[in-house]
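Number of protein chains: 4
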Amino acid sequence: MVHKTRIINDPIYGFITIPNELILQLIEHPWFQRLRNIRQLGLGHYVYPGAIHTRFHHALGAMHLMHEAIHNLRSKNIPISAKEEEGALAAILLHDIGHGPFSHALEHTLVKGVSHEAIGKKFLYELNKEFKGKLSLAIRIFENKYPRAFFHQLVSSQLDMDRLDYLMRDSFFTGVNEGVISTDRIIKMLNVKNNELVVEQKGIYSVEKFLIARRLMYWQVYLHKTVLSTELLLIKILQRAKEIVQKDKNIFSTPALRPFLEKQITIQDFNHKEWLNAFAALDDTDIYASLKAWQHHPDPVLSTLSRSMVQRKLFRLKLQLKNVPPEVREVKKKNVLKYLRSNKIPSEYLHYFFLTGSVNNRAYHYHRSNIRILMNNGALLDVTQASDLTNLRTLSRVVTKHYMAYPKTCDD
Amino acid sequence: MVHKTRIINDPIYGFITIPNELILQLIEHPWFQRLRNIRQLGLGHYVYPGAIHTRFHHALGAMHLMHEAIHNLRSKNIPISAKEEEGALAAILLHDIGHGPFSHALEHTLVKGVSHEAIGKKFLYELNKEFKGKLSLAIRIFENKYPRAFFHQLVSSQLDMDRLDYLMRDSFFTGVNEGVISTDRIIKMLNVKNNELVVEQKGIYSVEKFLIARRLMYWQVYLHKTVLSTELLLIKILQRAKEIVQKDKNIFSTPALRPFLEKQITIQDFNHKEWLNAFAALDDTDIYASLKAWQHHPDPVLSTLSRSMVQRKLFRLKLQLKNVPPEVREVKKKNVLKYLRSNKIPSEYLHYFFLTGSVNNRAYHYHRSNIRILMNNGALLDVTQASDLTNLRTLSRVVTKHYMAYPKTCDD
Amino acid sequence: MVHKTRIINDPIYGFITIPNELILQLIEHPWFQRLRNIRQLGLGHYVYPGAIHTRFHHALGAMHLMHEAIHNLRSKNIPISAKEEEGALAAILLHDIGHGPFSHALEHTLVKGVSHEAIGKKFLYELNKEFKGKLSLAIRIFENKYPRAFFHQLVSSQLDMDRLDYLMRDSFFTGVNEGVISTDRIIKMLNVKNNELVVEQKGIYSVEKFLIARRLMYWQVYLHKTVLSTELLLIKILQRAKEIVQKDKNIFSTPALRPFLEKQITIQDFNHKEWLNAFAALDDTDIYASLKAWQHHPDPVLSTLSRSMVQRKLFRLKLQLKNVPPEVREVKKKNVLKYLRSNKIPSEYLHYFFLTGSVNNRAYHYHRSNIRILMNNGALLDVTQASDLTNLRTLSRVVTKHYMAYPKTCDD
Amino acid sequence: MVHKTRIINDPIYGFITIPNELILQLIEHPWFQRLRNIRQLGLGHYVYPGAIHTRFHHALGAMHLMHEAIHNLRSKNIPISAKEEEGALAAILLHDIGHGPFSHALEHTLVKGVSHEAIGKKFLYELNKEFKGKLSLAIRIFENKYPRAFFHQLVSSQLDMDRLDYLMRDSFFTGVNEGVISTDRIIKMLNVKNNELVVEQKGIYSVEKFLIARRLMYWQVYLHKTVLSTELLLIKILQRAKEIVQKDKNIFSTPALRPFLEKQITIQDFNHKEWLNAFAALDDTDIYASLKAWQHHPDPVLSTLSRSMVQRKLFRLKLQLKNVPPEVREVKKKNVLKYLRSNKIPSEYLHYFFLTGSVNNRAYHYHRSNIRILMNNGALLDVTQASDLTNLRTLSRVVTKHYMAYPKTCDD
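Line by line, the protein sequences give chains A, B, C and D.
Taking my numbering, the leading residue of the first sequence gets 1, the next gets one more, and so forth.
Taking my numbering, the leading residue of the second sequence gets 1, the next gets one more, and so forth.
Taking my numbering, the leading residue of the third sequence gets 1, the next gets one more, and so forth.
Taking my numbering, the leading residue of the fourth sequence gets 1, the next gets one more, and so forth.
FYI, nobody ran anything at the bench for these hints, they're computed from the structure.
Among the hints, erroneous ones may be present.
Intra- or inter-copy, both count: the list cannot distinguish identical chains.
[Stated by the list, open to error] Taking lysine-lysine pairs in the DSS-like style, the calculated list, with each CA pair at most 30 Å apart, reads:
{"no.": "1", "residue 1": "Lys408", "residue 2": "Lys202"}
{"no.": "2", "residue 1": "Lys318", "residue 2": "Lys242"}
{"no.": "3", "residue 1": "Lys273", "residue 2": "Lys408"}
{"no.": "4", "residue 1": "Lys193", "residue 2": "Lys401"}
{"no.": "5", "residue 1": "Lys249", "residue 2": "Lys263"}
All chains, full assembly: derive it from the sequences and hints.
What follows is the structure in structure tokens.
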């Protein structure tokens, strides 16, 4: 109910109020509305059926938290002007505007090598033109060029409103309630010192719990082996479709997907509004509707992979701390080759069916926009120094896991 | 995480356990998996951004509640065999298997005059063949041919597990928490008397609250004026597309949507497995991806309506208890005709842009599988008789509201 | 954690902020702190073990809701000065300051005929002296002498912050979640028209749900037959103790309870600060500790009744819409007389063991500070007129139930 | 509503079912009913107003979780007989039966040197006589003499139903939601291997979160500096009252408190049923009602301390990782001596007003009934070995904090 009431129902926060006209117009803009059909966790719902929440809803949620944070800081006598508020709200609302469908897979295929952050900036600049400069402050905050750095830190840091909302929202919708955090509690503990965002000492346990929750969500959701398997499968499907389109112009795709199959996109392309519009036309439905059609394509690689996805016959994926020993690898590879033969798929396509690699996660980065605690005595400490245990220090270590994936029937 | 663990995370109930092998196989069946891409509330997320939950999840939830209900009845010494349990679980799991994308709109257009219940039965019979008769008891329960009627009433009555789950789930995801009900409370109050499902007297307030919640959800969600407006718009788009496809074979559609645009389907068609498969291939992504393409179709009716939908420039819809007075109607009609002229759309297409009709709702039907209360003295009363107030009796009255819808720019 | 942080944890709202110095000082005042040992629902925890929440917590909660309501009204451009805010917050914080332990029983015994409202006013006036007139505006609001009537209506009307909090809190702690209401939702719908508190039309379903919830809580909690039985038993115990103290000065009581056993208090007594202090010294612990001692008192009436309470051997209580027929009554009376004989209690004490009477409840009073709906067209309607169903009109009818109570062993 | 329905409302779990007659009779026993007036967190509500939940409610909750755990283990084909179920339920229900009011303070004063566990055993043995041996199995389970050790581990280990319930319940009622854990999630992950309780590998993150939550609750609630200060104050008050009663027989106390003031109790006393009854007569109301009276006692130590408690003028308490430096200590001591002089309290009573000591906490004990993880490959590992990070190992370190407490007016 965007229009008159300007109040939106939200299962997590109850209500989200749209605070001003600019924010309302941004929400109504087609480039923002398109996020309604882009699921936040891509194919994560293959593992967690509830995880069908969209980037549209996440952006609104993060904007709501920013609103709360500003309200809280003002109550602590941090002066924040109406202009600054508008800028911060617009910056967080649009922080994910560059995301396409299944973003991670996309960055490896349809817009290879072009990050959603880079695309997002192009959208921001173009919107600023359209809105006659009203987004200039939002852009300065976004790019960390505004002197009061805490605004940028609220938008993008290790304790920003983006992370607070997505952790909360992803836990909520997946039903993995280990990840549930107390956003209102953390926000109440925020303060500003020397223009930097800080957390008051009594909030240290909340921050600790937030970092622990983040790590849990990584291994239980974002890097869950079946989620990973689904994502890798999608990458392979899109790579193959892109290869095929070079020789078979008749391969089906929705019109919105077409240009991204046919052309190798670079970030420069997004300097042209037509490509921004083309990108904005693309959403989850294009990928999925096309992929359903590809189940019946004559190319056995494309059809086999597409059927695996649609019928949810996913690859087996082994995920472990140690690298796969070469001998184990060789055994599996042989099984996959046998599988290919029996499915009449040439062995040169092995790399579509036998996938290896690694993923890693670090819950807290020591040197990157770290979380500062304002001690009761006025001192500022990094959160890992302020805590009474070494827990948090261990959270800043990188954990790498190695994977190997292949069709389930290739298991011994 | 269907496979090994057989436990699925659910944001509402925490965990859903898959209780046996048959249920697992039904869930893994492609005809069931397709429900992952069919949203329970269709375009309801245009009003309530969180309302993106799927029929897949609802069916699992209803199955979970059935499991709980059976567990509860057994604890009250109602004997229920393993076979009966399996039958009841399968019946509720598959109760919505006949739904297509945007079901209500579909029944007015792509499968005109064919109800999802009718299609569902065809699916059930075909699945029973495939599962070698293992669904026979489920079908008997579903069709109310099994002597212990309470099983059917748990699947389909005015207090069935379907309604409990959808009311709860729809409230939860929309964030309209007026509709939240205590499913576990109601289930704890269920009992069986003379093979009929009854509610124990102390549960009367819970039933009352359930009926009130149901009425609230009707007017706040299911028949919300913007939701209605969206649904009417979709019906008009699909009607127009179906008209056009007769003369313009080149109009884009996804392959899965194609047959339903080209052919007038009847329920007899679903006697053929190929049509069941065709129907099962169709989901929300086909409709939405096609509709996005139609924004650029040369037909001004189709493109105008499709753009309205994608850009969320919905029709204004007035909803009220009294019929629209003829003079008001005429004024609006003139405005719409002017709008058509200025958009170069012939006036013969007025019925695509000026819509009137009515909707109605009755929270409780007195004569249709009514809710029986088991009084402390052993008597059975209808819930409207057992309550100490006339509230519930008023809930059994039909409330009709009349609507008129047209492009927003036609407002004075 | 009142002091430095001025944030109090609350299981319902998460956090309650203490908004200013005056409110902080009122909370720290011993007359307010004493509410920590006065349970909101008296002996309600005999039926609902969780119902051990205190009037202290309720008063803080109602103050929190007032804070939210003021914040909301300001966002709708209703001007509210800092003085007015302080007055409204103080008025709601202190609205229950006149409550003693087991308030309802007390008003029938220890302070017979003196209402907690009357005592509350005495406290308010005395506090105003102590706070040098800072509570004058609060008192005017409380007594409905302040011209902007909506402040009084927020403190005391059929949709005031008191009721919102107690309904919510009582549901929450009893676990009777049929009574859970959306306080934030209702508050968001409040507005002011002609200085009167109104609810916007779209909030009508929330108000309806609130009234339904209120009725449910009456019958499921406040007038629950076992709760009623407990309360009647306590009244009889205190009456008997008061009789005994006239002849037996040695009967045990805590010092705080003493004066209220010995003297017949009138409202005039509370004009003296010493009696205010005496009343403020009394809490649940005095009643319960004394009652435990009375189990061993030589008077068989007192000891029998006290043992019933402590060991939770409560009276059987029948509660029904129709009056108890005289013949049934006589049969029971005979059983009770037999019981008295076998317990060596003279029959003149029958009225301590055989109790009859009636209770009534009306969820909504039509003529008393009724709830006004602000229709979309600007008209003001009573909520019972604005609703599309007759539900609400039936809620304004009085429902009377008749009871008869006696020792359980007197059942046939 | 114990009686007929045998369903009890619970704000946390919704409903608690009383599973059989023995459990019902135990709950109705006066020794169990008395727990209704013993608050789980003693004076913790001075800091967290919601923390007024009782040991009665906690015992029911733990019993409920045991019921769930047994249900879950059976569903994994662990055979559990009806007898064993009854034993385990009775054992957990009565695990805290030896607690008196303000248990921790009591063990330092009124029953000095006698632990609640020791008293609990006396109650258990006496109840077993009364119930004619029906509690024998419960006692064997409780004392870890039953061969199937997992029953004992469910009652008492580092992941027992006691801890699950109290952590959950304390978080819930305090509103410190960092401590909220997923009891149903953890219970679903339990299994039995070689008669030992184990957690399945996929539950490792839930266990980790449980241990983290436990540590948070220690520092935020159980050892919160104001909670600690309140507890120390109560200890000093009871010590002083016990000293005074030796010379002043007229000092007020409730009858139930009397014997514990007058006599030095030893564990042998509890071999006599009269002392068990005396102990069972004592609850929070005796302590608090007596303490209110002591505000007016002529002894300045007793009256000053009692007034501090009732009026909530608590001691300042400093809590820190390092010991208080002697020079700081001396300065404070001087201030306190000055305070005593000005209050006409002889300096020999310094130890009542200047308190120092230390508290410590270890979230996980490596060698005491540790938590075993059942890895996917069948191996059993301690949870600290099974986790991929060193977090958990650090949780097994003892953290000691030192405190110093004194009247607030002695601050510089």
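Consistency of the hints with the structure:
1. Lys408 with Lys202: Classified as between; 21 Å across copies, 50 Å inside a copy.
2. Lys318 with Lys242: within (27 Å within a copy, 48 Å between copies)
3. Lys273 with Lys408: between (44 Å within a copy, 28 Å between copies)
4. Lys193 with Lys401: Between copies, since 29 Å is at most 30 Å while 38 Å is not.
5. Lys249 with Lys263: both (13 Å within a copy, 28 Å between copies)
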